[in-house]
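S.K.: Based on the sequences and whatever the hints tell you, model everything.
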Amino acid sequence: MQDIWNNLEVDVSALPAIEEVHFQKHPIRYRAYRYTLSTIWLGIPVLLISALALLLAEWWLWMLAGAFFFLFGFSLIAISIGYHKRCYALRQKDFSYREGWLFSSMTTVPFNRIQHTEVSQGPLERKYGLSRLHIYTAGGSSSDLSVPGLESEEAAQLRDYVARKASQYA
Amino acid sequence: MHEWNLREPTRQSVLGVLVYLLRNLRGLISLFVALLLIGAAQPVIWIIIGVALLPGIVIVSIIAYWQYRNFTFHMEEDDLIIHQGIFFKERTVISADRIQSIRIAQNLLQRLLGLVALKVDTAGSGGAELVIPALERPKAVSLKELLYSKKEAALAEGSAEEGSESEGTGTEAQGAPQDGATVRPKAPARILVKLGLGDLLLVGLTENHLRTGFVALAVMFGYVSQYQEFIERYFSDYFDEYANELANAGIAFALGALIVYAVLSVALSLIRTFLRFFNLRAALHSDAVEIETGLLKRESDRIPLRKVQFVEWKTNPLRRLVGFESARLHPSNSVGDVSKQERIEIPALRRAQSGMLAEGLFPAYVPPRQGLKADPAAYVRISCIVSSFLIVPALFVLYSWLQWQAAFILLLYLPIAFLAWMYGRRVRLHFDRSHILLRKGWIFPSRMVLPLHKLQCVSIISNIFLERRSLCHLSMHTAAGSRTVRYMKRDQVSELYNYLIYCIETSDKDWM
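Chains as they are written, first to last, in our numbering: chain X, 4 to 173; chain E, 256 to 767.
Calculated from the structure, these hints are not laboratory results.
Predicted model only: the values in this text are computed from it and were never measured.
Among the clues, some could well be false.
[What the hints assert, rightly or not] Calculated cross-link-like contacts (lysine-lysine; reagent style DSS-like; alpha-carbon spacing at most 30 Å):
#1 X:Lys88 / E:Lys744
#2 E:Lys394 / E:Lys344
#3 X:Lys96 / E:Lys394
M.R.: As structure tokens, this is what we get:
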């Protein structure tokens, strides 16, 4: 027990730094997928509400359509900038994920804390040939990692790699 | 040990019928109150209630009896098997090695009847809890011991290296695997706290009364709003009639209410403290913390030390004056509902006792000196921005009323900024090779101790405004929840981040 806390002298600046790791970007299809998603949830409502506004000639419907249009435009910008911020890195002992433009975050999950891993795919994701990798720790939903927009084979490879690494510690 | 044949399906104490009866009746009380409120205006309801009362009670009693009759439990090998249910029969099997913790609890009725409830937490999603609600205490204790010893035997069989638990003293009791029959080994337990009446009174008086008052108000409104419809329907006439007088009395009423509110808050704090912490006893075993507490509802908890992910100590100015601080243990979520409730709070620790608790929980812990500071200016900025959401609208509203004098409300920013500055100045993140010590707060100071090997993962959180000032937050995730330290210097956090990951990855200790 003694050696654990006497063992203080670690040169922090010499530790492997996560900033120096090469982060891998998602396939460009992922951005197209996000655009499609945004069009479905925001772009199409703009058209529908505008059509309704033309029919009913209500001023507040125009306001609503305007609001949706603004959100739609903003989401397109956010997606195109956010795409370049979103990347992942694999090291020997951990998996790191970075995302976000206005609100950014970076999370690193060491393999010796991973409970299980999972690959999932929604219907639209299937159209684009993309999959989502989930990495679960015991830390609950706040610390679970969900990595969307991976090539399906790559997601499966990643899952297998991470699961194999994690099982070494179990 | 009680002579007790557990091979055969066994029923609980016969008095358990009463426990079930009361539990069923409690479900009916809300219905009853609602009916009464309607009944106040419509006499027909009185007749319906009168007629329904007797058969109702008979039916509830019969149900209670059958609940008692159909509830049996017995042991098969290492499994505890419970049968229950009247219409939908249920058979639950709990194998001893899945048991996380066992608690003995007692509410008022159980106390009057001399019974206790045995609560078994199991590992698994959500941590399903199983309750045997009516047992005589000696039987409950012997069943608890039996289950614990079976669990230990099962674990000892399963893995040989289970002995890696942290033991501060008294390792001699942890020997060879136990046989299923013997009582759980008792390493010398140290009494951590024994709360006398005087201390209890101090704890009650130094509660955060403001919070107690808010909670009480919320509960009251919640309860009243259940019957709001009835109240409005039958009493709105009176309200209308006396509206003028009510308005005149308004200001006097508000003042009076404030005083009543203050007095009630203190009284409630006292009552709550007495109910929760009466005769609180906490003992530190070599592998667990055991806490027994409560006046009407007496509960005893046993939290295995290795389950505790981190500990928070909190205090307030009043409490600091009398030299107390409260500690809250955060066990991993798999313990079940223990982590959701505040039951694992120890409200009154003196310095020495805090030290003892820390030492028992984290044997290698020495308060680390190396530390990072937060940026207090960032705290000032964010609290001013957040409070603007209230102050700016208030300014506009007041302007239409008071004209330029409304600008005085802007003075509110001063105390807000001051408090935020003082808070931010006290945020310190200390760390060494094995532990993190996080200090926060000025008026309500708190500190948290988190062993590094309990960390699940870490994240850096930021946004574009913070990035411009090269600040960020650091989030530390454990199996008992996450804690975030805000507004730290980006380069320092990056370094710490790398260090923490390095520590998790090189740690040979299991997080649980």
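S.K.: Taking the hints in turn, state whether each one holds.
M.R.: Outcome of the hint check:
1. Restraint check for Lys88 (chain X) and Lys744 (chain E): the C-alpha separation of about 21 Å stays at or below 30 Å, so the hint holds.
2. Between Lys394 (chain E) and Lys344 (chain E) the CA atoms are separated by roughly 25 Å; this keeps the pair inside 30 Å, and the hint holds.
3. Pair hint Lys96 (chain X) plus Lys394 (chain E) does not hold up; C-alpha atoms about 50 Å apart against a cutoff of 30 Å.
In summary, the one numbered hint that this structure violates is 3.
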